[in-house]
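Chemist: As a plain string of letters, each chain reads:
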Amino acid sequence: MGSTSAENDSKGVGRRDLIKRSAALGLISVPTMSFLSACASGGGDDQEKAEAGKKSAENPLAVNESAKMEFVLFDGGFGKEYAEDAVKLYEKAFPKATVKFSATQKIQSTLQPRFNGGNPPDLVDNSGAEQMDMGVLVGKKQLTDLTPLLDAPSYDDPNKKVRDTLRPGIVEMGQFDGEPVWILYYAYTVYGNWYSKKALDSLDAEYPQTWDEMLAVCAKAKKKGMAGWTYAGKYPYYIPFSMSPMIAKVGGVEVLDAIDNLEPNAWKHPAVKTVFEAWYELYKKGYVLKGTPGLDHIQSQTAWAKGDALFLPNGSWVENESAKVIPADFDLAVSAPPGIDENDKMPFGTIWASGGEPFIVPAKAANGAGGMEQLRVMLSEASSKNFTSKVKSLSAYNGGTDGIELTPGLKAGVAALELAGDNVVNPRMQDWYVQLQKEKIGVSCLGEMMAGRLTPAETIKKIQGFADEAAKDSSIKHYKHQ
Amino acid sequence: MQHGKYRFIVGFLAVPLGLYALFVVWPFIQSIYYSFTDWTGLSPEFEMVGFDNYSRMLDDDIFWKSLWHSVLFALLVPLVTLGLALFFSFMINVGGRKRKGGPVITGVRGSGFYKIAYFFPQVLSIAIVALLFQFAYNPDSGAVNSLLRGIGLGSVQPLWLGDPNLALWCVMAVLVWSTVGFFVVLFSAGMASIPGELYEAALLDGASRFTTFFKVTLPLLWDTVQSGWVYMGILALGAESFAVVQIMTVGPGGPDYSTSVMVLYVYQKAFRDGQAAYATTIGVALLLVTLAFAALVMKLGRRERLEY
Numbered sequence: 001m002g003s004t005s006a007e008n009d010s011k012g013v014g015r016r017d018l019i020k021r022s023a024a025l026g027l028i029s030v031p032t033m034s035f036l037s038a039c040a041s042g043g044g045d046d047q048e049k050a051e052a053g054k055k056s057a058e059n060p061l062a063v064n065e066s067a068k069m070e071f072v073l074f075d076g077g078f079g080k081e082y083a084e085d086a087v088k089l090y091e092k093a094f095p096k097a098t099v100k101f102s103a104t105q106k107i108q109s110t111l112q113p114r115f116n117g118g119n120p121p122d123l124v125d126n127s128g129a130e131q132m133d134m135g136v137l138v139g140k141k142q143l144t145d146l147t148p149l150l151d152a153p154s155y156d157d158p159n160k161k162v163r164d165t166l167r168p169g170i171v172e173m174g175q176f177d178g179e180p181v182w183i184l185y186y187a188y189t190v191y192g193n194w195y196s197k198k199a200l201d202s203l204d205a206e207y208p209q210t211w212d213e214m215l216a217v218c219a220k221a222k223k224k225g226m227a228g229w230t231y232a233g234k235y236p237y238y239i240p241f242s243m244s245p246m247i248a249k250v251g252g253v254e255v256l257d258a259i260d261n262l263e264p265n266a267w268k269h270p271a272v273k274t275v276f277e278a279w280y281e282l283y284k285k286g287y288v289l290k291g292t293p294g295l296d297h298i299q300s301q302t303a304w305a306k307g308d309a310l311f312l313p314n315g316s317w318v319e320n321e322s323a324k325v326i327p328a329d330f331d332l333a334v335s336a337p338p339g340i341d342e343n344d345k346m347p348f349g350t351i352w353a354s355g356g357e358p359f360i361v362p363a364k365a366a367n368g369a370g371g372m373e374q375l376r377v378m379l380s381e382a383s384s385k386n387f388t389s390k391v392k393s394l395s396a397y398n399g400g401t402d403g404i405e406l407t408p409g410l411k412a413g414v415a416a417l418e419l420a421g422d423n424v425v426n427p428r429m430q431d432w433y434v435q436l437q438k439e440k441i442g443v444s445c446l447g448e449m450m451a452g453r454l455t456p457a458e459t460i461k462k463i464q465g466f467a468d469e470a471a472k473d474s475s476i477k478h479y480k481h482q
Numbered sequence: 001m002q003h004g005k006y007r008f009i010v011g012f013l014a015v016p017l018g019l020y021a022l023f024v025v026w027p028f029i030q031s032i033y034y035s036f037t038d039w040t041g042l043s044p045e046f047e048m049v050g051f052d053n054y055s056r057m058l059d060d061d062i063f064w065k066s067l068w069h070s071v072l073f074a075l076l077v078p079l080v081t082l083g084l085a086l087f088f089s090f091m092i093n094v095g096g097r098k099r100k101g102g103p104v105i106t107g108v109r110g111s112g113f114y115k116i117a118y119f120f121p122q123v124l125s126i127a128i129v130a131l132l133f134q135f136a137y138n139p140d141s142g143a144v145n146s147l148l149r150g151i152g153l154g155s156v157q158p159l160w161l162g163d164p165n166l167a168l169w170c171v172m173a174v175l176v177w178s179t180v181g182f183f184v185v186l187f188s189a190g191m192a193s194i195p196g197e198l199y200e201a202a203l204l205d206g207a208s209r210f211t212t213f214f215k216v217t218l219p220l221l222w223d224t225v226q227s228g229w230v231y232m233g234i235l236a237l238g239a240e241s242f243a244v245v246q247i248m249t250v251g252p253g254g255p256d257y258s259t260s261v262m263v264l265y266v267y268q269k270a271f272r273d274g275q276a277a278y279a280t281t282i283g284v285a286l287l288l289v290t291l292a293f294a295a296l297v298m299k300l301g302r303r304e305r306l307e308y
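These protein sequence lines are chains A and B, in that order. Residue numbering for the first sequence follows the UniProt record's numbering, starting at 1 and increasing by one per position. Residue numbering for the second sequence follows the UniProt record's numbering, starting at 1 and increasing by one per position.
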């Protein structure tokens, strides 16, 4: 063989030559490849849809009896057992069908490529930290309208439509703009101030109904070495769970609607200022547990369960999530936020309650009817009861709590809903404008205010700035309360 | 002998070049291409939008904040890490006094132990390190504040990761802690290859440790330091800063975006907000920053090579 040195051109392949030519080859190959790029993510492989089955009283959605059905569940605070039980019922109704059920915490990492490739599963519980953005899914027409499901007869009573068996607000929450219902929220969450009735009793205090009473309770607690409040300092967007219904109570529900609609100066309403100042007072008077701004939700819940702080703004999942740290004699309770005084626009009891665990049927699902049928099964009274007793949460099915033993938190939640009556508010910031609500308003404003680094006036100005920015941002889809 | 030359070249190079093009060049081109679309990442349909994403990026405050933090990461973290590593490895290998019967050039007492102690964090995955420190920084029950209380500084109880003025430094400190050991080992290897006679000559001339370090060790180690700098900087711009920020200042990038870095922002835009195209745009910006960083370090670090 010839030498590999460059001088020896006449024989063999010189080293420099080799490098030069390989570089040239590389340069050619790059543009050639880019021609193929045009269809890299173009979904050429949309899956084939299952043929419709025979419509009957037992099968109102005309599910193909032998078609495969795939169901992906978010494996979070509620676990997966309740869904597995519902899958068994589906399999019983359609013995020829095979059901592929899986539960994951990684909703987005597992499903984003499948949505992108046009072969998503038939039913998805799009929840958790890796929730796919609903606004984008709706905007890009990736979801099935669930109206046929809502108009189908309910599982228990053929004379009643599914939609008539749901709790207030569930159907509206699934809508984005206009009639179609894209999402069915299966859990029903009560938000508010969570506390230990036992701790409150030990202070010889009643749950406060006005802010002065609240401050008095906090002062009492402080004397006993207990902080009045703690919250998820790293995720300050838990604060609105208590703050938003308070704003509604003080200024009326229109204030919240204006905020959700991103109307100009919505945050400058006097009610917002009053409420912010009230909360800021908690910080100024030292009623917030020391170190709270550095705690995450689990740490703050643990501190609260240990009795370091009296109140915690949270949702009804806290009972299940913190089950291990809440002492047996804690006597968990939830109440609507106190208002300011008797001049408030709404009565005491005004609370935030709304759907949780959003279920969707992808538009490109092969067996969308099967996915909807599975939801219909889950919305039966029996499945709902099963859910409530297993995971300590209410479901979207209205009722279904008779005859099962309710845990303290759940019982308090039901009582709070009864007290609220029609005064249930449902701010939509957190599902319409996720980044605005969580990062900008939550972390950058409310968190900073409660850590004492912004005054209420500065906070309002900053939030209004963020809201105006979002209203102008054409890359975000905008929604309005109907 | 010329016969079949090109067949040989093609046969020899086709596979590796193809793999390189497919897995290295191709993704770059793809992301640049996507940065001109409105792709969401959640649907296969998208359209070309020209430079919309780029003009949006230039107006995006969070992008600029993240960029600034990334630049800090790329400049400060390597500076501190390499500085510490140089100091440690010098002490371990050269810094000791002559002991009776021992070699002339030796490390400080117990240097074998120090070597292991420094290297230890390297065996832990960065995710575990970040989690550990997340607990340590817990202002309520974490190790750092407990220590402060323990030594009578109960009145000084910073919020650490909860304080926008401290969070970024806390995160950087963790990164330094976890990578310094690697460079101690790397530089130790470099120092081992420096001939002992040079040190002996310096000692005979009465040079102090300080002089020895700056006149002998550092110049002879310069190549290693320079590659270490580039390596560390890219690490700090990319994977490692993502891991520590994502895990420690969970979610949104610290209070008031105080720890947000470019990689994290790319991730959030692509996998949380359903704006994959915008994410690739930031990715392109990150690519430029990384290239500029590497070029700068190579340029500034150019020195005459010392032969020994």
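Among the hints, a few may not be true.
Cut-off 20 Å, straight-line C-alpha distance, at most; resulting in silico cross-link-like pairs (EDC-like, lysine to aspartate or glutamate) [unchecked claim]:
| hint | chain 1 | residue 1 | chain 2 | residue 2 |
| --- | --- | --- | --- | --- |
| 1 | A | 462 | B | 61 |
| 2 | A | 141 | B | 60 |
| 3 | A | 472 | B | 60 |
| 4 | A | 461 | B | 60 |
| 5 | A | 268 | A | 254 |
| 6 | A | 385 | A | 84 |
| 7 | A | 472 | B | 59 |
| 8 | B | 65 | A | 448 |
| 9 | A | 472 | B | 273 |
| 10 | A | 462 | B | 59 |
| 11 | A | 141 | B | 45 |
| 12 | A | 160 | A | 177 |
| 13 | A | 106 | B | 273 |
| 14 | A | 390 | A | 321 |
| 15 | A | 88 | A | 65 |
| 16 | B | 65 | A | 130 |
| 17 | A | 461 | B | 61 |
| 18 | A | 223 | A | 254 |
| 19 | A | 285 | A | 213 |
| 20 | A | 284 | A | 213 |
| 21 | A | 477 | B | 45 |
| 22 | A | 477 | B | 273 |
| 23 | A | 55 | A | 130 |
| 24 | A | 472 | A | 201 |
| 25 | B | 65 | A | 172 |
| 26 | A | 438 | B | 273 |
| 27 | A | 197 | A | 84 |
| 28 | A | 477 | B | 205 |
| 29 | A | 477 | B | 223 |
| 30 | A | 285 | A | 263 |
| 31 | A | 438 | A | 204 |
Short, incomplete list of chain A residues facing chain B, as computed with Cβ under 10 Å [unchecked claim]:
| hint | residue |
| --- | --- |
| 32 | 115 |
| 33 | 135 |
| 34 | 271 |
| 35 | 273 |
| 36 | 406 |
| 37 | 434 |
Calculated from the structure, these hints are not laboratory results. Ideal placement from N, C-alpha and C gives every residue a C-beta, glycine not left out.
Chemist: Determine which of the earlier numbered hints do not hold for this structure and return their numbers in increasing order.
Modeler: Violated hints (numbers, rising): 2, 12, 16, 18, 23, 24, 25, 27, 28, 29, 30, 31, 34, 35, 36; every other hint is consistent with the structure.
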